[in-house]
Amino acid sequence: MIFGKKILSLPISLFTIVLMGFPVSATPKRVCIPNQPSVQESDKTWTIDRLMEELPQGLHHLERFRETYTSSMLTQPIVKEGTLQFTPPFKLEKHVLSPFEEIFIAEGDTLRYENPEQGISTTFAMREIPTLSVFILGLRSLFTGNVSHLRQHFHLTLTGTDRLWSLHLRPVTSSEPSTMECIQLLGINNRIRAIEVQEINGDHSSLRFLPSEGQ
Amino acid sequence: MTIKPWVPSLLYLLTLGIGGSVAFTHIPIDSQLHALFPSSGKATQQILFDQLQSGQTSRVLLLGFQGAARDVLADASKQLAQAMRDSGRFAYVHNGEYSSLRNDQARLYRYRYLLSPSLNPSQFQEKGLHEALQRRVSNVSNLLPMPIKRKILEDPTQAFPQYAQLLKGGNSLHTQHGVWFSASEDLALLVAETMAPGFDLDRQEGIQSLITHQIETLRATLPGASALELLRTGPSLFAIQSRTLIQHDARWLSSLGTLGVVIFLFLTYRSAGLILLTMVPLATALLASCLAVYAVFGYLHGITLAFGTTLIGVAIDYPIHLFAHLHPPDTPTTTIKRIWPTIRLGALTTAIGYGAMLLSGFPGLSQLGLFAMVGSLTAAGTTRWILPFFIPPNHVCPIPWIVWVPHITPWLSRLVALTILLAVGYLATSEKPFWESDIANLSPIPSNLKHLDSEMRKEVGAPGVRDLLIVIAPTAQAALERTEDLQLTLQRMIQQGHLRGYEMAANYLPSERTQRTRQSFLPESEQLKEALYHALQGLPLQPELFHPFLQAVEESKHFPPFTVQALKGTPLGTKIDSLLYPSHEQWVGVVMLQGVQNRHMLASSLEDISSGNVYYLDLKDETNRMVTQYRTEILKYLGLGMIGLLTLLGLNLRSFSSVMRTILPVVGALVFVLATLHLFNEALSLFHIASLLLVAGIGIDYALFLSRHGNTPQEHETTISSVWVCSLTTILVFGVMAFSQTPVLHSIGLTTGLGALFCLMMSLVYSRQSIPPVSSQP
Chain A
295 MIFGKKILSL PISLFTIVLM GFPVSATPKR VCIPNQPSVQ ESDKTWTIDR LMEELPQGLH
355 HLERFRETYT SSMLTQPIVK EGTLQFTPPF KLEKHVLSPF EEIFIAEGDT LRYENPEQGI
415 STTFAMREIP TLSVFILGLR SLFTGNVSHL RQHFHLTLTG TDRLWSLHLR PVTSSEPSTM
475 ECIQLLGINN RIRAIEVQEI NGDHSSLRFL PSEGQ
Chain B
2 MTIKPWVPSL LYLLTLGIGG SVAFTHIPID SQLHALFPSS GKATQQILFD QLQSGQTSRV
62 LLLGFQGAAR DVLADASKQL AQAMRDSGRF AYVHNGEYSS LRNDQARLYR YRYLLSPSLN
122 PSQFQEKGLH EALQRRVSNV SNLLPMPIKR KILEDPTQAF PQYAQLLKGG NSLHTQHGVW
182 FSASEDLALL VAETMAPGFD LDRQEGIQSL ITHQIETLRA TLPGASALEL LRTGPSLFAI
242 QSRTLIQHDA RWLSSLGTLG VVIFLFLTYR SAGLILLTMV PLATALLASC LAVYAVFGYL
302 HGITLAFGTT LIGVAIDYPI HLFAHLHPPD TPTTTIKRIW PTIRLGALTT AIGYGAMLLS
362 GFPGLSQLGL FAMVGSLTAA GTTRWILPFF IPPNHVCPIP WIVWVPHITP WLSRLVALTI
422 LLAVGYLATS EKPFWESDIA NLSPIPSNLK HLDSEMRKEV GAPGVRDLLI VIAPTAQAAL
482 ERTEDLQLTL QRMIQQGHLR GYEMAANYLP SERTQRTRQS FLPESEQLKE ALYHALQGLP
542 LQPELFHPFL QAVEESKHFP PFTVQALKGT PLGTKIDSLL YPSHEQWVGV VMLQGVQNRH
602 MLASSLEDIS SGNVYYLDLK DETNRMVTQY RTEILKYLGL GMIGLLTLLG LNLRSFSSVM
662 RTILPVVGAL VFVLATLHLF NEALSLFHIA SLLLVAGIGI DYALFLSRHG NTPQEHETTI
722 SSVWVCSLTT ILVFGVMAFS QTPVLHSIGL TTGLGALFCL MMSLVYSRQS IPPVSSQP
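As you go down the protein sequences, you meet chains A and B in turn.
Residue numbers for the first sequence follow the working numbering, beginning at 295 and rising by one.
Residue numbers for the second sequence follow the working numbering, beginning at 2 and rising by one.
Take the hints with a grain of salt, since some may be wrong.
In silico EDC-like links for lysine to aspartate or glutamate, alpha-carbon gap of 16 Å or less [as the list claims (entries may be wrong)]: (1) Lys385(A) <-> Asp72(B); (2) Lys152(B) <-> Asp439(B); (3) Lys150(B) <-> Glu422(A); (4) Lys621(B) <-> Asp439(B); (5) Lys338(B) <-> Glu716(B); (6) Lys150(B) <-> Glu408(A); (7) Lys152(B) <-> Glu422(A); (8) Lys338(A) <-> Asp456(A); (9) Lys385(A) <-> Glu347(A).
Since the hints were derived computationally from the structure, they do not count as laboratory data.
Given the sequences, and given the hints that come with them, work out the whole structure.
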């Protein structure tokens, strides 16, 4: 994609990395409150509907990522690398390759978790994994450009411009107690470049897509 | 006013019917295998019967969903599984859902350090712990829910997952949309085990209709599932299908046969009354036989009823002979007096021939002997003393419409004799197997269903179990220990590729001995704390998360051993009960072997290690061996019966040549039947033997009547036509059955039909020679 290539030139890439505060410190910032846009510029014509129209076009089916996971269970954050793959309409596969292998495959209303080294292969129903199911729901809606579905389940805040934007998703409080506080996506043009997930219990995942080979 | 003949006969039959139905509701009908065999006193025999009829393998049901999109199939699988679990009729229902094993889990989880197969002391030392904790890091650094992650850290050595893997049967099926799918991904799979024994067919049928009902509901309510199809297989299902197929065929073929006979008899007699009367001796005989067996044995075996009814089928011939010989001015009473010696001799020979089985030590055979003996005597007695009073005087039977007899020349009878010799030669020299050695071949289940069964078993890793190891011990604990002692050998066999897997109660419930050993592996609290402290060095895990672990290990050291009582009524408890159960004041431990490569090697290597404590059972082999044993026993007592029969004939006919003339047509007919069956590749089973017995009875009857000294040529013609009627009746009833798709009915029908035909031919060929009169004092 010529346009994408031009945009993802080195300075911008570096800028994004700085923007996302990498490497993440041991005490992460909470991305949800207050709902402060991290991108200062704003553009009245840049709307959620436009973003949702453009996002599917920029979708790469296989993205490499680096994720930093911070948890009250851990004395220091864990940095993981791997690939995220989306197969329309609904299959989402996260394959962690280092420091250990882990596979998450979301399909239909179940999630299969595999840990080959430990010989684990477990299938969860979505209702058993509230945080992940909200996360998967959000990504599916974004990747398929389903704006009404997204609005139905999240309060949305879009800031920035079409070149550099931030979309903030806060789950609509339903009768079920939520474990997910918010998701924040950072993007450049029609590409999502980073995803932050904040859990109510304080655990936090910061996932950043790496430039694909040859870019 | 003369009473129509049908009035008393109808009344009599009604009385019999009422008596019969009372008898049937009160006589217990047993279909247990062990009731057929003499008790050898060996515990293994009882175990064999238990395993064949109600063993765990007989309870397994395999279900496959197809005919809809995969997500719909998955939903259908989940909903049906839920309904099946809710019904309480299943020990377990597995379809790959995460929740499959949850019911018993809390209790088992608490006892994980006593139950886990992998437990060893090094797991609680610094090095072992460090390695385990390293792996746990990956389990907690993701967005899975906190409670799941806490649970993982509560059991950092993963004692429970190792145990849970055993519960799941260790198979790793392909999962899609949360449920198991076949490798080809077009069949959602479900495995269940019923609480009811596999051959409790009525309960099994209830279970099947429950499933059918659920599937219909799913078709109607689940979007996209209108064309949903359910494939089912399993031993109990085969048993139900066999029963249904046999019943279906038996019902419509025997209705057809009966209709044929009724039409034929009506054309012959032109009287409904006589048709009813024809049934009187048979019905009386059936009732008397059942009552006699009940009086002596206290129950009636299903097999006795089925085979016995076939054997006494000859009873229908007695009234036919009587009706044929009615000639005015003789009254029915004088007519019966005239032919009674022949009927009596026929009935006595039948009674002695079959009655010899009464002496057998096999309860099933002695029941059959008694049944046939009482039946043939009662039928003859009814014809002699009851039937004549139902027939109005001066009744003439207009039957002599068939008097055709082949023009007998010495040339023809020699040709027939030569043919018999040829048939004997053919039978003697043929290399085809004479006996059916595998009773599985008698199953009426179509081969495509058998194929489906083996395919689905392969998919779900639930092979049909054929090989068992049996351990007998004075207590449950001792039985558990003895099966545990086999584990090492079995593991080695698996590694060497001689065995694919095994299942035993000790997998799920280790013996108290083993549980105490595992407790002794658990370190003291302080010791473990220190090991944990060092193990955590260099790992990013919060130390306080491991308090529950320390607590659980400490607690486990003081648990009393986990017993099967704690699992009573749970699915796992049911499973254990089928693998470890009391029998004759002892305890039986069952080890089910899968994928045995070499049965001889297995048997001999077990002999080496077991010092006689372990018995190896090959269910298929044992079953066939039992059938062969049964057949040998039948043949032995039939031989004895034949001697009795010949003695009786000799005493009555007082001439060697007369005896031969009575016997040879029968032997000839039997040889022809055997040769014909053999020619058409019919290997002989017990059902053929029962039918051949009937043929022999019929044949002797024909021969006796036809070689009776005829007073007049007219009398001889009457006899010929009555034999024609008898034989056509038999051919009609049994001949139709030969067209049945079910092997059992087919063999009975074909053998008896052919037999009746050959008996008729042989008797006609050899009847003209005059023989001395039967001693004719009634």
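Evaluation of the provided hints:
1. Proposed proximity of Lys385(A) and Asp72(B) is supported: the alpha carbons are some 13 Å apart, at most 16 Å.
2. Note on Lys152(B) and Asp439(B): the hinted pairing is violated, with a Cα-Cα distance of about 53 Å set against a maximum of 16 Å.
3. Our distance criterion of 16 Å between C-alpha atoms is met by Lys150(B) and Glu422(A), whose separation comes to about 13 Å.
4. Of the pairs offered as hints, the one joining Lys621(B) and Asp439(B) holds, with about 8 Å between alpha carbons and a cut-off of 16 Å not exceeded.
5. As the CA atoms of Lys338(B) and Glu716(B) are separated by approximately 14 Å, the hinted pair is consistent with the 16 Å bound.
6. About 15 Å separates the Cα atoms of Lys150(B) and Glu408(A), which keeps this hinted pair within 16 Å; it holds.
7. Distance restraint check for Lys152(B) and Glu422(A): the Cα-Cα separation of roughly 14 Å lies within the 16 Å cut-off, and the hinted pair is therefore satisfied.
8. Between the alpha carbons of Lys338(A) and Asp456(A) the distance comes to roughly 10 Å, so the proposed pair stays at or under 16 Å and holds.
9. Straight-line distance between C-alpha atoms of Lys385(A) and Glu347(A) comes to about 20 Å, which puts the hinted pair past the 16 Å bound.
Figure legend: structure checked against the earlier numbered hints; hints not met, in rising order: 2 and 9.
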